[in-house]
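J.: Each chain, written out:
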Amino acid sequence: MADKLRAAKKQPDHPLDDLLRRDRIPHIWCPGCGIGTAFSSCLNAIKSSGLERKNVVMVSGIGCSGRAAGYVNLDSFHTTHGRAIPFATGLKLGNPDLNVIVFSGDGDLFAIGGNHLIHAARRNMDMTVICVNNLNYGMTGGQVAATTPNMAKTTTTPRGNPETPFNLPHIAYAAGATFVARWTILNTREITKSIEEALLKKGFSFIEVLSPCPINYGRRNKESSQDTLKLYQEKTIIKNGAHPSEIDIDPEKGIILGKFVDLQQPTYIEKYDKICRSLMNH
Amino acid sequence: MEKAILTGKYYMTGDVACAEGALAAGCRFFGGYPITPATEIAERMAVRLPEVGGTFIQMEDEIAAMATVLGASWAGVKSMTATSGPGFSLMMENIGLGICTETPCVVVNVQRGGPSTGLPTQSAQGDMMQARWGSHGHYEIIALAPSSPQEIFYQTITAFNLSETYRLPVLIMSDEIIGHMSERVVIPDKKDIKTLCRPKPKGRKDRFKLYEPGPNGVAAMPAAGEGYNVHVTGLTHDEKGYPILTVETQMEMITRLTAKISKNLNDIIQTEPYFLDDAEMVLISYGVSARTSLAAVDIARKQGIKVGLLRLITVWPFPEEQICELAERVKRFITVEINMGQIHREVQRCVGGKAPVSLVGHPGGTIIPPDRVVEKLKEAF
Ligand code: SF4
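Protein chains in written order, with this note's numbering: chain U, 1 to 282; chain L, 1001 to 1381.
Since the hints were made in silico from the structure, they are not lab data.
Check the hints yourself; a few may be wrong.
To be verified - The calculated SDA-like cross-link candidates involving lysine to any residue, where the alpha carbons are at most 25 Å apart (straight line), are:
#, chain 1, residue 1, chain 2, residue 2
1, U, K201, L, A1223
2, L, K1240, U, K201
3, U, K271, L, V1052
4, U, K239, U, D273
5, U, K222, U, K193
6, U, K54, U, G114
7, U, K54, L, A1220
8, L, K1240, U, A174
9, U, K47, L, K1205
10, U, K193, U, N73
11, L, K1200, U, R53
12, U, K54, L, R1207
13, U, K54, L, K1240
14, L, K1263, L, V1247
15, U, K54, L, K1263
16, L, K1302, L, E1379
Stated by the list, open to error - Residues from chain U shown here face chain L by an in silico Cβ test under 10 Å; the list is partial:
#, residue
17, F87
18, T89
19, I118
20, I269
Stated by the list, open to error - Some chain L residues near chain U, calculated using beta-carbon distances under 8 Å:
#, residue
21, G1031
22, T1055
23, I1057
24, Q1058
25, G1071
26, A1072
27, H1231
Even for Gly, the Cβ is constructed at its ideal location relative to N, Cα and C.
Could you build all of it, start to finish, from the sequences and the hints given here?
T.: Written out as C-alpha cells, the structure reads:
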C-alpha cells in the first residue's frame, strides 16, 4: 500500500532522468535562460551516441554554463575559471578511453581560458567543447565579454561596448579544431546532431550555441528572451560549410549557422603514440 | 619496455634524481612548462615517461600544466609537475582546486631568487611561506625540503606516498643548488621501494560518498571511468561532493580538509636531529641551508661550542611540538635559510620567548657560507 502511494506520488519520469542528478534539481538557471536547452541537447546527444556511459565525462569551468557539470549524472568536474580544457586534457591523457566533453560559457572558454582553447585545438586534443555563448558574463551580473557586440550595454560598458567581439568558430578553426559548428538554442535537433557527431569523431570538436541571457544581457539591451528567440528565428541563415572567417555575428547581414568544419586529422594521442613511443619496441 | 626503476649507482643532478624518484614512485603523468632551474625535471620526464607507458605533455603555461596534473590524477594516474617561483605563483590557483577536491599529486618547486623574475639561475628559499599559504583560503598543506640529489630521489617517493595517502597536492621545495648539483645517487631495488596508492572505494556504487572520511580521515577515491558518477567541484561541498554553499558545509569541509593533516602529524612530519642531545644552541634549517648548518655544527663543535641541528625534512606541517620541547632546555635558536626570515618566524612562534631566536638569512643568489653561522654562534656563545 505504502509502495503504491509512493508510486502515485512519484514525479513523472523525464526521458533524460538517467543522465540527470535528480537530487540536484532545481537548477540555478534563470527563467528564459537558454543554457538548459543547450544542456538537454547535449544529454540527448550523449544518449543517442550510444557511447558507454561510464566512459563519458563532463568538465566545466566557472559561470552559469559552468554549472552544467553539477547536474549531469556522469563523472563530472567543475573546475577553476577558464581551466576546464587543460583539466580535461589531463583526464584524456590519463585515460584515453574516456570520452571527454567540456561544457562551459564564452567568458570561461574564450577570455580567461582562451589560451587553453587555442592550444588544445592546435594539438587536436580529442575532446568535444560546447560553448554556450550568451554575449556576456551572466553569473557575475552582466559584464562585458569577449563576445559582447560592439556598442552593447553591460554593467562594465554602461555607455556601450567600445570593443570588437570574437568570432568563436573562426578562432577554433584557425587554431586547428577539426570539427566546428554553430547553432542557436532554437536548433535543438541540430545541436544534438552536431554534438553526437563530435562525440563519435576523434579530434578537437567545437560547437558554439547562441543562447539568450535575458536577466543580464537582455535587460540592459532591451531584448527579452522572446526578442532574442525571434532574432534567432528571423535573422539566422543555415549555411553548412561556410568559411569560418566569414561568419562574424552580425544580425544586419544575418547570423550564419551550420557545420563549418569536419576534417580528419590525427589526434594528439595518436601522434604521441606514434612519434614519442615508437622506439619502445626497438 | 624500459625499466621504471633504474636500480644502480649514478652521478646525477637533483633535478634528474627527482624525475627518477617520481618514476620509481609510480608517476606516469607529467604536465609541465619550461622554467629555470626546474626544466631538467621536465626534460628527463619527456624522455622517460613514454618509455614506461606514461605520458608527458608540455602545456601552454603553468596554469594549464597544473590543471592537467589534476585531471590526470582523477583519471587514476599518479601525476606531477615541476616549476620554479614564477610558475609556482601561476599554479597556486589549481593547487587550491587540488586541495579542495582532495586530488593527489606532486608539485616540485626548484626555488630561485625572487620576487618576480628575480634570479632565474641562482638559488633561494624564498617561497617557503608561499608554499604554506600561497593559494587563497584556509587549508593545510604538506611540503618537503630535500638537501641532496639522493634525498630528493627518496623524497619524491615520499611525496607521492603522502599525496596518495592524504589526497592532496604535496609540495617538494627544492632549490637551484640541489636541482643543478651532481652527486652520487643510489637507486635501490624495486623491492626496497615502498609505494602507496590512494584508497579505493569498496561497497555499493550508489551508496558511495566521494568525501566520506575513512579511518584516517581520508576518503576513498575512484577514478573517472569506473562508474561512480562522481561530482568533483571547487565550490564548497558536502561529503557527497555536491556544492552546498552554507556556513555549516564550509565549516564541515574545512574541518575535514585540515583534520586529515593535523590528526596525522606523527605519520607526516619527519625531521633529522644532529648533535641535539647535549646542545645548548640549536640551528633550525632545511634544504640546501641544512648543509651549511651541518658544516657549521662540525666547525663549532671543534671549537667547543655545544651546538646541534634540527633539520626539517618536512617543513609543512611545521614540527611545532618538537621545537616547543627543545625550547624548554635550549639556550638559543638560530634559523638558517636563504630568505630574510620565513621559517624563522615559525621558530619564533614555537619558541614563544623561552629563548632568543636569531636568523642567519640571505635574500638569495648564493648559498650561505658556514662561517656566517659559526660567527653568529660565537657571538652568542
Ligand atoms: S544570468 Fe543569464 S546566463 Fe546566467 S542563468 Fe541567468 S539568464 Fe542564464
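J.: Hints broken by the structure, by number, lowest first?
T.: 2, 4, 5, 6, 8, 15, 24
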